[in-house]
Every structure is written in structure tokens, then in C-alpha cells.
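Those protein sequence lines, which keep their order, are chains E and H.
Okay, so the first sequence: first residue is 1 according to this note's numbering, each after it adds one.
Okay, so the second sequence: first residue is 1 according to this note's numbering, each after it adds one.
Calculated from the structure, these hints are not laboratory results.
Where hints are given, some of them may not hold.
[Unchecked claim] To list a few chain H residues with every Cβ distance to chain E over 12 Å, as calculated:
#	residue
1	I35
2	L36
3	H167
4	L174
[Stated by the list, open to error] Among chain H residues calculated to face chain E with C-beta under 8 Å, some are:
#	residue
5	K42
6	A44
7	D48
8	S168
9	L169
10	G177
11	V187
12	R190
13	G195
14	V197
15	S227
16	Y240
17	A243
The beta-carbon is built from N, C-alpha and C at its ideal position, and this holds for glycine as well.
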Amino acid sequence: MAPPEPLPHITTQRLTALYHRQAAIKDVTIALPRHSVTAIIGPSGCGKSTFLRCLNRMHELSDGGWVTGKVLLDGQDVYGGGVDPVRVRRRVGMVFQRPTPFPTMSIHENVAAGLRVNGKLSGRALNEAVEQSLRRAALWNDVRDRLHTSAVALSGGQQQRLCMARALAPEPEVLLLDEPTASLDPAGTQRIEELCHELKARYTIVIVTHNLQQAARVSDRTAFFYLGELIEVGRTSDLFTKPALEQTEAYITGRFG
Amino acid sequence: MSVRARVFRRRVRSMVLTGVVAGLCALAVLPLLFILGDLVAKGASSIDWSFFTRNPAPAGESGGGVANAIVGTGIIVGLACLIGLPIGIGAGIYLAEYGSGRLGWIVRFVADVMNGTPSIVVGIFAWTFIVKPVGRFSALAGGVALAILMLPMIARTTEEMVRLVPHSLREAALALGYPRWRTSLTVIVRTALSGIVTGCLVAVARIAGETAPLLFTALGNLNFSTSLTQPMQTLSLQIYVYATGPFDEWHRLAWAAALVLMGLVLVIALLARWVTRQRYGAS
């Protein structure tokens, strides 16, 4: 017997995201369970990244980007009236495809950036929070002796883990990963995947990936998107071994996309 | 034609073209070298310690220096920076971050037109709106004129530098929960800062040698003066007076002053280079 499904942390209802008049995702209704990893798979241009960017209200910052439908975070619509997108983004952290350390800041300042903007922490408490975040991102041992050196001197994999640490520092509830290993070598990729396993005890993780093996390795549930629509979602083990739909099977067996 | 002959022809053509390009390049640098050489040859012998510490001697007497002009250049250029840098940098950030609408288009167009405005016109403008109503030439009017001159340069460079910051950095900051204005200031402007500083230094170097707009505003002053409400001397004005004057001694001093001014501009330009280098050295 499989364990019971955890309660959903994020639910989207008929979520449609548009660029000007062109819909990138259409009528997506999906539940993302708390403290689990959900992988979003599908061919290029199917709306995976756009879906992710709707969850923390980043999509509306794109040129002509707007959204209809609902995204419920713990039951509250993040697109509801009076909801400040800046507050939503503090609850829902994000890591991008390419590492984006702030080049003028040191490693310490990079991790502290999200804490500083949130306000009160300073001095000792700030240092402790930085250390804790770096430990969670499995980067502490690499950088403990050079916290105050430039962040861009790190390797690509380290930079990406630094971005993880930076996203974790403000204590978000949800972590969105947009192809986080696309620009990394196999060793860096493995570290990030291990992190997904460790971090899901604390966070709800949604990861977009082009790599089906990666989806199978890291996720509890997998959602398959095609041409902007959610085709199928289910337990990763089920979706990869006995997909319900022909289309899903064709994609995961490499017959298209 | 054999392969060999074709290769040979290609080589010859390549060499000729390389030679032509190198020649043109030398031609472009030549005037600068001549100017520098001429300045050193005619001006260096007149430069000694008293040249920097003494004020101009009365007409006809020998000796004297340009202390008042050096200090005056510093004050007027400083004044121009005080007025021009905050407005110019602010306008540049606005153009890059929020200037996609109609207002941005207008500001950008006005800045481009101002960039092409002859400096003497700016001088007349400052004369009309400051010197004439007040009834007196003043260092303040000179500073304002130079500030107006540097404004469009600074605004446009700042805009370009801010636009060079990768979009991914902006997204990273916003995704961390930065409000838009804090993203602009703490991440975007900070990343573009060395480029902005370089642009400002280049603008300062350009206005430091301006003469025309100062003729109607700061006017010039043969005595040492630090009063902003009085006429003030600058190196460029001093050169103008000495070079057009009737005495050989004055011509000699004009060369020396020109050498000092050129040296000053060179130092600022080198500083600008150094700031840019720092930036790439760090990343």
C-alpha cells in the first residue's frame, strides 16, 4: 500500500496565462501536495516555465503577461484583490535555469540579500541565517573560508547552489526550480538532485525539467504539459510505468517532443 | 589559374588591405601625438612650481602663474558636477527603468538634441537666464552652463549602462521579494555603477576644457577668487586670454596652461579607464 496523498499546498484552478492575446497555458487545474517534489515535464514551448512563473506572480512581469483563473496558496488566491505580489514572492522562492548570483556582492551578501530586503535581521542573527541557508544548500563547506569574496568566482554548480541558498534564506514555503541543472555538469546536477530530496522535508518543491530521468529520480509526482495544457498528472512511478494516456506514453518513451 | 597562384593573390590582397587599415589608424592617432608633442615642446619649459602657486602677473611683467585658474577650474567643474550628476544619473535611471512610455521618448529626444547643441548656445542661454537678471558675471552661472552641457551626456550613458545589466539579475531580485524600486537601486544600479562612474568621468573631462559657454558666464578673473557670485578664472579662459594677447610672455604662458589642462583631462581619462578595468577584474 502506498502512503496516503498529503494535503495540497498549492492548487491552481482553471489557470490561464497569456502573453498579450496568446495563451501560453490554458485552463490548468492541478494540486501540488505539501512537502513533496512535483516535476513538470513536456516538450519545449509547452508552457512549463510559464506555469511555474504564475505560481509566484513572476509571469505578469513579462512583456504583455497576464493571468486568469486562480492560484491558491494555502487556500488563499495569490491573484486575489489586495494581495501584494512582493509578499507572494517572499513565500514562494525561485531558482532559474542559469545561475544568477549578484555580481557586485560577496557570497555572504548574496545569501543575505533576501533577508536584508525583508528587514529586521542584523549582525549575528544575519550571519547565523546565512550559514544555515548555505548548509541547507550543501555549500557551506565549500565557501566557509571565503564568505566575503566575490560570488562570481564560484564554479557554475556552486553558483547554482548559492542561488538555492539565497532563495532559501528568507524561509519560503515553496521552492520553484526552473530547469536548475540545465547549465550544470553531471556532478553539479547530482548535487542539486540530492538537495531536492533533502529539502522536501521542509519545502514544497516544483521543478521544471527537460530531463525525464531527472524527473523520475527526484519527484514524487509528475505533471505532463503539452501545447499549454496539462495532459496528465500523477505519482511519478505510475506516470512513468503505466501512463493513462497515449500522448503521455508517446512522450516518455521518446516517440515525440 | 593554379591553386598556388590563387593563394598567392589572396595573401597579397590581405597584406595590402592590412597595410591600408593600419595606415588609416595611424592617421587617426597622429593629430593627438602632434598636439601633445607641440604642447610639451612649447609649454613644458614654462612650467615650474611658481606656475602652479602664483597668480598672473600684471600685463607686461614677466613671471606669474595660473593658480587662480586651476582653483577656478576645480570650483566651476565641481559646481557643474554637483548640479549635473544627480539630475543626469537620475534621469538616466528613469529612462532605462521606466522610460518606455511617451514621457521617456520625449526625454530621450530632448537629451539627444541637447547633446548636439553647440556649447556656445548653452553659454548664451545661461547668460540670458542668470547673468542678465542678476546683472553680474559669476562662477555660479559658469557652473550652471557646464552642468547643462554635461546633463544629456550623463543621462544617456547612465541609461545605456543600466540597460546592459542582464535581465536575469532583475528577475532574480524580484523573485527574492524585492520591490521594484529596490531592485533598481540595490541590484541594477549597483551592477552598472562602474560603467556609470566611467561615463561621468568622461563627461567631466569633456566639460573641463570648455571655453565658449564660460565666456558669457564666468567671464574670467585675473585675480584669485573663490566667490561663487563673482567672475572666476578657469584654465580654458586663461588660455584664451593669453593666446589672443599681444605679449610673447603671455603666449608662452598660454602654452604652459594648455599643457596643464591637457594633463588634467588625460588624468581623468586614465581614471575612467582604471575604473572600467576594476570592473572586469572583479568578475
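Do the hints match the structure? See the list:
no., hint, result
1, I35, "holds, 38 Å"
2, L36, "holds, 36 Å"
3, H167, "violated, 10 Å"
4, L174, "violated, 6 Å"
5, K42, "violated, 46 Å"
6, A44, "violated, 42 Å"
7, D48, "violated, 45 Å"
8, S168, "holds, 5 Å"
9, L169, "holds, 6 Å"
10, G177, "holds, 4 Å"
11, V187, "holds, 6 Å"
12, R190, "holds, 5 Å"
13, G195, "violated, 12 Å"
14, V197, "violated, 13 Å"
15, S227, "violated, 41 Å"
16, Y240, "violated, 43 Å"
17, A243, "violated, 46 Å"
Hint violations for this structure: numbers 3, 4, 5, 6, 7, 13, 14, 15, 16 and 17, all remaining hints satisfied.
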